[in-house]
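Quick note, the sequences are listed as chains V and D, same order. Each step along the first sequence adds one to the number in numbering that gives the first Met the number 0, with nothing skipped, and position 187 is 186. Each step along the second sequence adds one to the number in numbering that gives the first Met the number 0, with nothing skipped, and position 254 is 253.
Any given hint could turn out to be false.
[What the hints assert, rightly or not] Residues from chain D shown here face chain V by an in silico Cβ test under 10 Å; the list is partial:
1. A103
2. A126
3. D232
[What the hints assert, rightly or not] Far from chain D, by Cβ distances over 10 Å, these chain V residues were calculated:
4. E122
5. R129
6. E137
7. L152
8. L170
9. A230
10. D260
[Said to hold, decoys possible] Label pairs and their calculated CB-CB ranges:
11. P214/D to Y162/V: 50 to 60 Å
12. S93/D to G141/V: 23 to 33 Å
13. A261/D to L57/V: 45 to 55 Å
14. V107/V to D275/D: 54 to 64 Å
15. L57/V to S93/D: 25 to 35 Å
16. D86/D to K85/V: 43 to 53 Å
17. S93/D to A153/V: 19 to 29 Å
18. S93/D to E62/V: 22 to 32 Å
19. E317/D to V107/V: 44 to 54 Å
Everything labelled a hint here was simulated from the structure, so no lab data went into it. Glycine residues also receive a C-beta, built at the ideal position from the N, C-alpha and C atoms.
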Amino acid sequence: MATSQQAIPPIGMLGRSVMTRRRGALLELGAEWFIRSTGLLTIVLLVGILILLARQGLRLFIELDYPVGRFFTYGNAITDNTTDPKEFKFGVMPPLVATFWVTVMTLVFAIPLGLMTAAFISEIAHPRVRLLIKSAAELLAGVPTIIFAFVGLALVVPRVNDYFGWGAGGLSGLTAGFVVSFVAVPLIISISDDAMQAVPVDYKENAYALGCNKLQAIWCVIMPAAISGIAAAVMLGMARAIGETMIVVILAGGNSSLPHDPTESMRPMTATIAAGFGNASEQSLVRPALYMTGAILFLLTFATTLIADTILERQRKRFGR
Amino acid sequence: MKLLRRRISASIFRSPFMVLTTLALGTLFALALTACGSDDEKSPSGSNSAAATKAPNVTGTVTIEGSSTVQPYTIALIDEFAKTYPDVKINPPSGKGSGAGITAFINKQVDIAQSSRAMKDDEKSQATAAGLTPFEVHILDDALAITVHPDNKVAQLTFEQVAEIFAGEIKDWSEVGGSGGAITIYTRNEESGSFAYMNEDVVQKALGKDKTYSPDINKQANAPAGLTAVSGDASGIFYAGLGNLGEIPQGKVKVVPVSKDASSPPVTPSEATVKDKSYPISRPLFYYTNGDPSKATNAGLKAFVDYALSTDGQKLGEEIGFVGIK
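The task is simple: from the sequences and hints, build the whole structure.
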């Protein structure tokens, strides 16, 4: 930071000018290109996945004559291994709606919990408490989701069944969403805490100078200022909920027909793919149907992440002075 | 201000990192998907024609996949088999389900598909199209036990009532003398042989070809998951193979006796009642191989199937809870 007052050339150019002065420039160049190609690989893979999913999936309509309308409107998603388009009873709507309900339920539980925790550790808690909670949240994020699923099966499912009688013996979209929310919460805490920390100190000082108490400062000044970061945190938590597999396989109930409300037993997209892939032989209709479902799932998470990134970018421009 | 700058730069790094991580995870997911499906060019492994005919010197590689009902038997069989034929390498199945095993067989990923149901015509034609000649080896018999919550008062069911419950035509336990209100149906998922067997050999056999499962069935990933669900749901019903009943503590579920029709006595599933064919929901278990295994060029495959049908192999099956065919 000592040279920060001089006109600095862009980082890449700086690297190059330093490099040419050193020995082993060729090695350096090789390393640079290697690193660059690993970076590009991510983009190549991303595009590759989409092409692969679409190519495998579109076979369903083009080669195998499965009606497009039926794929989008049929009220059940049965992944039987069959080659007969008349026998194949698969529509993407029930899994899509199931994913929607689980995601909504996840957000209903995760947003208040995540945001209140973030506000607490960012603005109220003692730095040592903040560190403790933040580390705990990060550890929570590292727990394999199958563990969450089993804890949910042992603790949440019997209670949902006894107190509310929802779903199939307590297995429902709501149960799954509740448990998935504990996977999404650490993500929401971490990112919205960063967003609140990034709100300039003058905002907070002004709020307190005008006589705000802590709650007023958080609710009326800090949260609105950090709203785009918070929105991005929620979007990323949402992407996590859409993609979650193991918990919904075990806790959502496994009813493959169209769910009308979140308290029903259901089978979201990820669980449908997981349950059906064993049946997906080369010639069968299941295989392209699951690829198509995967493509839609991919686009959903991709769009969510993209929106989150755009919002975060806006927050950065606002305070990155 | 310095502190502030550091905080801002931290948040700048955060975002692309998170985005990349998300993308990378997505990538892995899709790669896993492709990896599952792209092994198609691999021919059945271990077509080791140079194998000697002398029994102890048998070599070869055998891969197996399929039914979770047959799973405990195959695993035990592999252990015993290895003692006599140490030079045959056997890749044990993961027990994903009969459908999964037959699909892997059609995709030429395994030599043997273990199955708790007969191969469907559609699957047979898929196998023929792939250049295979599916050969059915009947190894053992099994029963599907109908299980309910231990508090359910239902004393017995007829074969037809079982079919009507799973077809969704009987909707409340009071219609069959049980308790618990509206019936919650648990089944295995589509990968399972029991799932297809219940549909074709119980529901459709009793009620006609145009009937099928109720749309409101709750598909569980495996037998223990279904048994656990029924043990916690007073209105639940589920089916499981005899060998799977040991996978939940005794007394957690109740096995309901089933009668052939209204005039026959109810029968509890057991080895004896499967053997004398008095229990109506019993079924054969199969190994499917490409062509007659006794003529197979893979000596290991031939030896393994022979061993399953031998006195030792059959006795092993009965120890686990299945019924021998001899």
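- [ ] Any hints from earlier that this structure breaks? Give me their numbers in increasing order, please.
- [x] 7, 8, 11
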